[in-house]
Each structure stands twice: as structure tokens, then as C-alpha cells.
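Peer 1: Protein chains in written order, with our numbering: chain A, 1146 to 1624; chain B, 1146 to 1624.
Source of the hints: derived by calculation from the structure; they are not laboratory data.
Note that the coordinates shown come from a computational prediction; the quantities given were computed from them, not determined experimentally.
Mixed in with the good hints, there may be bad ones.
[What the hints assert, rightly or not] The calculated lysine-lysine pairs, modelled on DSS-like cross-linking and capped at a C-alpha distance of 25 Å, are:
hint	chain 1	residue 1	chain 2	residue 2
1	A	Lys1209	B	Lys1463
2	B	Lys1209	A	Lys1227
3	B	Lys1183	A	Lys1208
4	A	Lys1533	A	Lys1368
5	A	Lys1208	B	Lys1470
6	B	Lys1209	A	Lys1463
7	B	Lys1208	A	Lys1173
8	B	Lys1351	A	Lys1463
9	B	Lys1208	A	Lys1481
10	A	Lys1368	A	Lys1227
11	B	Lys1209	A	Lys1228
12	B	Lys1228	A	Lys1209
13	B	Lys1228	A	Lys1183
14	A	Lys1470	B	Lys1208
15	A	Lys1208	B	Lys1228
2 protein chains.
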Amino acid sequence: MGKNNKQVKAITSMEENFTQWYTDICLKAEMVDYASVKGFMIMRPYGYAIWENMVSIMDGMFKKTGHENVAMPLLIPESLLKKEGELVNGFAPEVAWVTAGGADPLEERLAVRPTSETMFCDHWAHVLHSWRQLPMLYNQWCSVVRWEKTTRPFLRSREFWWQEGHTIHETAAEAMAETEQQLYCYVDFCRDALAIPVLTGRKTDKEKFAGAEATYTIEAMMKDGKALQSGTSHYFGDKFSRAYEVTFTGRDNKLEYPHQTSWGSTTRLIGAVIMTHGDNNGLILPPPIAPVQVVVIPVAQHKEGVLDAAHVLEGRLKAMGLRAKTDDSEQSNGWKYAEYEMKGVPLRVEIGPKDIEKDQCVIVRRDNGEKTFVPLDELETKVQELLKAIHTNLYESAKKRLEENTYACTTVEEVKTNMEQRKGFAKTMWCGEEACEIAMKELAGVSSRCIPFDQEKIGDVCPVCGKPAKKMVVWGVAY
Amino acid sequence: MGKNNKQVKAITSMEENFTQWYTDICLKAEMVDYASVKGFMIMRPYGYAIWENMVSIMDGMFKKTGHENVAMPLLIPESLLKKEGELVNGFAPEVAWVTAGGADPLEERLAVRPTSETMFCDHWAHVLHSWRQLPMLYNQWCSVVRWEKTTRPFLRSREFWWQEGHTIHETAAEAMAETEQQLYCYVDFCRDALAIPVLTGRKTDKEKFAGAEATYTIEAMMKDGKALQSGTSHYFGDKFSRAYEVTFTGRDNKLEYPHQTSWGSTTRLIGAVIMTHGDNNGLILPPPIAPVQVVVIPVAQHKEGVLDAAHVLEGRLKAMGLRAKTDDSEQSNGWKYAEYEMKGVPLRVEIGPKDIEKDQCVIVRRDNGEKTFVPLDELETKVQELLKAIHTNLYESAKKRLEENTYACTTVEEVKTNMEQRKGFAKTMWCGEEACEIAMKELAGVSSRCIPFDQEKIGDVCPVCGKPAKKMVVWGVAY
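Construct the complete structure from the given sequences, taking the supplied hints into account.
Peer 2: What follows is the structure, given as C-alpha cells:
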């Protein structure tokens, strides 16, 4: 690693300052740039390419289960937004308002969408007539704006990119099944595309989405032990349908209200990838979302045959359907190694005159630095095997960390001490009262992450009030 | 076609009222819905699926020539927008302004992007240092807002979806080559994906993009003879670079300004498809962008073996890589035929008990209604052949119409009479003076569409002022 020292020193180490380490990676890996507009971000080609790969995989998953994409208007009339009281109260403090079109002030101000439940309901009220049209399984890829006070690239910014699924169903049971199905879609996506293990559960009433009857969540644990809410799925019952007068003629010929869900995941998942897998040399990308999965470096490229050999390897990798490239620029090998480590490229293939003589190449893994000499005729098999091994290793390491840093507590003090020392997920029993949830936040500095689906009994009473416990809750310090 | 009468009558005929015919198709084919926000549109699943197919093809073309996607902020500070005077003057009357974030008024109002040249320049000013980083070939898929007075689905709406390419180059020659390359990319896309022939040329100074040195355009001719500007490519020289202080250290170690281009195409292309190919039974979609390329209709589906046979055909079509579906709903055959005609599905495959007996199916073309009996073992060959034939027929028909309705004129009166009778493209000579361009608009009701690349000499003098002519211009009535 000697050659990389210069580059490595260019980013703060995560042990020294995790926040700065994160920001350094975002900038040095050329994923984002800060914009002139305060709190907004620019996704540069490398960051956007990661997002494109995520979108492509997730979009395929949605379509497989019958979802269709649509595009709703960016701007929402204030009166429309106000029809459902809880939603507007939840979002009002962070809405950006359009008040003029050209030289003319608008009669009614328009919200830049913070989320689109209202628009979907308004549209359904126009087009839904009969139970035969149900379910309507819609999704939208777009950006939304929320006027956040403190912002950080990917994690929290005034504009972010996301998908928002919105569905309506004939029955409550079907809508509930959809809510769960889409939550597990996120679980699968995080595991198979991002190599991120997550905790699943239901949000407390305090933490649920404004206007939802129930919010389900996936929570990931970052390398600093903090929690990152990584996707949510909401069940609305017929609350919005009633507020927006969405009705249909049922099988019994009576007018009924459909049952509704929405579910979303965002560019914040890129932040999750950085903080789950990254190290002090930079980003580490799981292969399914890496813009470049294998980079070929010709060593001593001025020597006869080296460049040709490198391009042959690149061609073979591309023929496998991989995203591969050769870096035949004039930069030094050391610079190149550091550059592709910073960018988290999963595999580096080196080929030089000596390798050519021996009919071999060298393959280096980004995740653990392991170096393997590979006979050229085994390239395809070995690369496939290594990419798979990288994904498994990333996932298993993250899972081990998640498990090791999830611990049961029976007192508030225990939660507090553990949180101060190592963050992580603290499991405690809970009486179900919001007052105790708020007290836990004040006393131990944690918010409830979720009421996990996998319940355990780790005591009989709520550690805050001492009254009989109803559920086990997981607490953490969240991004 | 007897069975379709009911559905067919549901849309206005194009001969009776072309505008209403257009709107009817947009709504009846379930492509769009009007939104509660005046002048905005909703793209429903069928409309959006067409756009997705366009995006996928075009995005592939851009990437093949080295372009990378990025995401820029939605909102632009007024001061930033104002740095280039012509641009802001061009767009100011139609900008939507954000003036508050949550409860707080903003110190500086923010424009909802009408186009993003300013943001790209601002970003480049941060990240560009050396000639080695050039060219930067960027593209963005997003929606933009322009406060139009009169709006129509796809053709002109306050929000529309588009791609905006933005590139910077070391030299003027390279930027000019990019401008041309991307214009011809649009020409290829219109021909190969949309079956739309276009006229190519340069916009007059009056019609060019605000702030551009030169604007190139592709102009299509709709079935009513009106012109639709379908894509533009702009050359900026170093004008924006200077205004936004975008500089780099050149090969000679001196500070230089890069040369810039931008190019865009929008959801208006969906309008172009409707008005180029559609008929009184509805939409006609060219196969590359059709969400369903082949629909299989089981005839007498309650009879034994029919549904199975239909699904076998669907499976074979999908195995060819086609987008195919079987409609086994309880609707009548007549309803189904009309429905898929309305939606413009290129091929309909019918299979019933008699066909099964004879080892055949019936294939019906949407473009000309031609019916062919096809032996089942020839399905793949025949479908491939027919899809190709449809595309060729659509393109050739449109090309014939374009040619037949492009005519040379030597007097203003001649332009006026022709325009009143049949619209189309009128070619005349032109002295190059804007006064004559304006006069032509007043006298004959036409705007200059472009100065075609393919120049002809159809006279010596400008038909307006009688002075010596410099160029041939094409005029039309535009959407």
C-alpha cells in the first residue's frame, strides 16, 4: 500500500473524525458537489451512476410485482395539500412555496412537492370508478424538496431523489399485504444490491409518517454505530381516500373507499453504502451497484503487448456482461491504484510484461486487499467468484457488526452508557406510552428506531416508568 | 371493423376537429390526466411507459458517445440566473419563483429551473481546472417549469419532462462538432425510434435560444400540416463561460474559457408521435417505443385449449425479447380490438379454436389493418418482419407527406394562400433581415422554422423586401 500514502492521507481517517471522513469520501470520490443554493446538492457523474444502478435494480423489482411508473406534477396547490390535516401539519414547516409565475403573483401559493400522496389521491378521485380497476400499483421516480435546517450530502439535503410508491386496493387486507411486501422488497434490495443487513419493524406512533395508520421501516447500522432509516412503507387505511373523496363502486354495487399504501427509498441509501462499507482508503462498493465493477491496469504499459493484453482482458470482462474499463492514462500505477480504491471499484486486474510471460494476471480485491495470481484462461470464473465473495464478505461483516452492537438493556442508565460508548442498537421493553419514549430521548439521547417484528422478552417492565411492558423497542442515535 | 364502431365514435375524427381529436387520444388512450394545478399534466402509466422507452433508447445513444448523467438542483438563485443577461431576459417572463421555505421568507428568491445552463456553469466553475478534464459531456433527465399561458398535453405544459445535455470543450471547433453530432443524434432517434422524418437546419437569430450563438433544430410536420419543433442543439461559444467565470489552464499553461453546448428534447415528442402516425381509431405507435408491441387475443377463450395456446404464443413472443401480453379478460373481442387500436399496439395476434385446428394464428397490423394468416411455426419470423414493415411504412408515409407539403414560394401571397389551404412548409428566399421575418409573420401568419442545411436556390430576391436574397428559409405554422 506504500504507493497510496499520498492519496490515503488526503482523507480524514474515520477513527479521527467520522463526519469529516464521510464528507471527504463524498467529495474525493467525485460523487457530489455543493451547489450555490444552500442545502442543495449536485450529483456528479460517479454519484449519479451509482444511483442509476440502484434505480435500475429496484425498478425491475417493482415491475416484477406489477407496479407501473407515472409522473405527477411538481407543484401542489396549498388547498389540496391541506385536505388531510395530519399530513400538512407534518410537512408544513419544511415546504418550499412558489408564489409567482413570471411577473404575476399566484392567486394560491403552490408547494414544491415534499411527497405526493395528495396528488395521487387527487388523480385517483378523477379516474377510479370500479373495483375492477383495483389495485392501482403506481410508483414515481423524482426529486422532492424539504426545507431542512442542517444538511449533509445524501443523508439530509433540501432536495433529494427518491422513488415513492403509491397504491390503492379494494380491501384493507390487500393494502396491508402490499405495505409488507414492499418493506420486504427493500430488505431484499439492501441485502442483494447493497450488501446491507437491516432491522425491520414498525415505527412508534410518535415516529410514524404524518397521516399514516402504520409505518414500517428498515433500519441499518453505520460503522460509527449510528442508525440510518433506509426505507419506509406506510399503511393509510382509507383515511386519505375519505379526505380526497376517492371512491369506487364495489362488487356489491355500493360506493366504497379504497385502502392505500405508500413506500419510499431515497438517495440517502448511497450514504448508507458509504458508511456501511467504506474504509480509510475511500469508498467500497458492492458489485451490483458499482459503475465500474472491474478496472484493468496495464503495468509498464509502454512495453510491447501490454496495452493490447489489457484491452483483451477488458473485452472478455465486458463479454461477461460486467462494467469494466481499462485505465491506460499516463498517471502512475500508484496514483491509479489509489484512485480506484477511493472510488470503491470492487476488483482491480493488473497485467504487465511478466504476467504476460506467465499467462497470468493479478487480481486485487477492494474489500480486503487480497491479491490473487490468476491464469488468464481462468479469468471469467475467478472474477465471477471474487465478485460474489466480495458481496458476501461485505454483507457478513456488516451483519456481524449489527449483531455485535445490538444489545439488551433493562435500565435507562444502561442505554445511556452504552450509547455514549459505542452507539449501536439498544433493545429494551416498553410500556407503549409516548411519555416514556420522550423521556428515553431526554435521558439517554436516543430515539426509538422501531418495534421489531422479531420480538424478544428481555424483561417485564418499562425501564422508564416501571409499569408492565407491552413490547420490545429498539433505540438508537439516528442520522 | 364493424365491432369497433362504438369505440371509434368515442373520439372526434381528425378531419372534423384535429385539436379535439388530439386531446381525445391523449385521454382515451389513458396517456395523461389533467392535474388540479392549472397547466400541469399527469403522465399515467401508459403515457409514462412510452416516455420510459424513449428515455431508454436515447440514453443509450448518449452514453455510446461518452455522455454521463448528472443531477443538478431544482432551484436556482435569482442572482445566479441573472449573470447571463440574454438568458434571463428570455426566460424571466415564464419563471416560477419560490419565495418561502417553511414559515420563513427567503432572503433571495429561487427560480424553479426553466433550463439548467446556469447551474452547469456554476458547477464547472468549481470543478474545472485543467484542459485534461475536457470535454465534460453531461446530460440530465428531469422536469422543468415554464409558466406558459396556454397549455396542451405533451405539446406545451407548465411542467414538462426532458433531457438537457450540457457540454464544455477545449476548442470552439470541438463544441461546434458536438452541437452538430447531437442534432443528428435527434435525427437518428426520430427516424429509428419514432419513425418521424424531420427537416434540419439553423434557427434565425430571432428564433434562436436565449443566449446561444447558434441554435440548430429538427422540425417535424404533423398530419394537420403544422410544424413541431422536436429537438434543438445550441452552440454558446464561450459566452456563458465568461459570464460564470468557468476557466481552465490550457495546454500552453494560460487560463482559457471552455466552449459550450446544450441540447434538449422533451415529452413533446410523444405529441409528435400522436400527430404524425395516429388515425381516427386512436394512437399508432412505432414498435421501438410501444409499451406493448404485440397483444395476443384468445378468441372464444372459454373453449378448451384456447387460453393455453394464447399463452404459449405470448411466451414465444417474449422469448424474442418483445413486449407482449395476452388479454384474457372477460371483455368482448370487439372491445379488445378497439382498445388496443386506441392504444396503438403495433400487432394483434388472434388465436381461436379454428386457428388451433389449422396450426395457425391471425396477425393484424395496426398501421394499415392488414390481416395475415400465419402458420404457428412461422410466428417469430413473421412478427419480426411485420414489425419492421410497420416501422418502414410509418416512416415512409410521414416522409411522403412531409415532401408533398413542402413547397417553394416566390411571393408572400403565395405563402399565405398555401398556408391557409394546407399549412405545410413553405420555402422562400430571404434577405437575412429580421424586419422581413417579422413582416412575413404578420402578412402570411408563419414563423421561420429554420434555415435548412440543404439549401436550394428558388429565386434571387427576398419575397418581402425584394432585396437580394442570402439564404433559403422554411416557414410554417408552429405548435
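Peer 1: When the structure is checked against the list of hints, which entries are broken? Sort them ascending.
Peer 2: 2, 3, 8, 10, 11, 12, 15
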